[in-house]
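Asks: Could you put the whole structure together from the sequences, leaning on the hints where they help?
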Amino acid sequence: MLDNWQLYLMLLIPVALTIIYKYIPMYGIQIAFRDYKASKGFTGSEWVGFEWFLRFFSAPTFWRMIKNTVLLSLFSLLWGFPIPIILALMMNQMRFHRFKRITQTVLYAPHFISTMVICGMIRIFLSPSGGLINLIAGTSIDFLTESSAFRTIYIASGIWQDAGWGIIVYMATLANVDTALYEAAKVDGASLFQRIIHIDIPELTSIMVLNLIMSAGGLMNVAFEKVWLLQTDLNKAASDVIAVYVYQQGIERAKYSYSTAVGLFNTVINIILLIVVNKIAGKISEDTSFI
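So in the numbering used here, the last one in the sequence shown is 717, and the numbering has no gaps at all.
Don't read these hints as lab results, they were simulated from the structure. Please note: incorrect hints may appear among the correct ones.
Using 27 angstroms as the maximum straight-line C-alpha spacing, the simulated DSS-like pairs for lysine-lysine come out as follows [stated by the list, open to error]:
no., residue 1, residue 2
1, 463, 448
2, 681, 466
3, 681, 448
4, 705, 493
5, 705, 463
Simulated DEER-style distance windows between Cβ atoms [claimed, not checked]:
no., residue 1, residue 2, range
6, 521, 454, 54 to 60 angstroms
7, 501, 451, 38 to 44 angstroms
8, 624, 487, 48 to 54 angstroms
Note that CB positions come from ideal geometry on N, CA and C, so glycine has one too.
Replies: Right, here's the structure in full:
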């Protein structure tokens, strides 16, 4: 440590930020078990135990929120997880480097567009009067008022925005593959598809499992901003999720204890899912067990 004290000194900055912004705020979790009053503070507020949790479990929209949150996250994972892998495998086969760089830039670009702008673009594209989708289809449907269309809109826009950014880690992994493996496979008569199956995919397996574990750990974390900006009174049957409910209860209605209890419940479910998925992955391959 003395020989590398400069590195440890630099490490203090992220460690301090993590402690200040991640661990110290955990002290406030106790308000989920209290009838929190700002004037009385944390310890001065009355202890109510699991009252807020029970109230949330008995809420009329509880099961609808659980269903919508799980389905949006699960379908986003099922559809969105393989797309970056497929794109990375396709990009890895490109031999025209200039075209490859242009394609990468086009795929990366949506990631840097803010969620608010993305939602504004979605509303313009789906507008019943002059929207691109309706012009192509020759219809005048207001898709954002259709509950049946909300999940498709949310998932498709998420794939478009994040798939390009998601290929970076896979491209970096494929770039480290020994080219001698490809040459040997060609000599043995392996086709392009066979080289992908027997060389590329095995190289990506570990990082694929790691990304799957991390994605499963956030299964209950639906992107609040996008749902909030695309939600209407007519599509709430499919867009009413826990993240939006926490915002409404905590910020709009100032029910701090109740919203904290709902958020804590959501976090506990995520932790359980993370541990379960990690254990399953650990049984598949000892190299991918992180807990």
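Asks: Could you run down the list of hints and mark each one as holding or not?
Replies: Evaluated hints:
Proximity of residue 463 to residue 448 is assessed by CA-CA distance (about 23 angstroms); at most 27 angstroms being required, the pair is judged to hold. In summary, the hint linking residue 681 to residue 466 is supported, as the alpha carbons are separated by about 15 angstroms, within the 27 angstroms threshold. Annotation: proposed proximity of residue 681 to residue 448 holds, straight-line Cα distance about 22 angstroms (limit 27 angstroms). Annotation: proposed proximity of residue 705 to residue 493 holds, straight-line Cα distance about 25 angstroms (limit 27 angstroms).
The straight-line distance between the Cα atoms of residue 705 and residue 463 is roughly 41 angstroms, outside the 27 angstroms bound, and the hint therefore fails. As the Cβ distance of residue 521 to residue 454 is approximately 55 angstroms, the hint placing it in 54 to 60 angstroms holds. For residue 501 and residue 451, the Cβ-Cβ distance of about 31 angstroms falls outside the hinted range of 38 to 44 angstroms, so the restraint is violated. About 50 angstroms separates the C-beta atoms of residue 624 and residue 487, a value consistent with the hinted range of 48 to 54 angstroms.
When held up to the earlier numbered hints, the structure conflicts with 5, 7 and fits the remainder.
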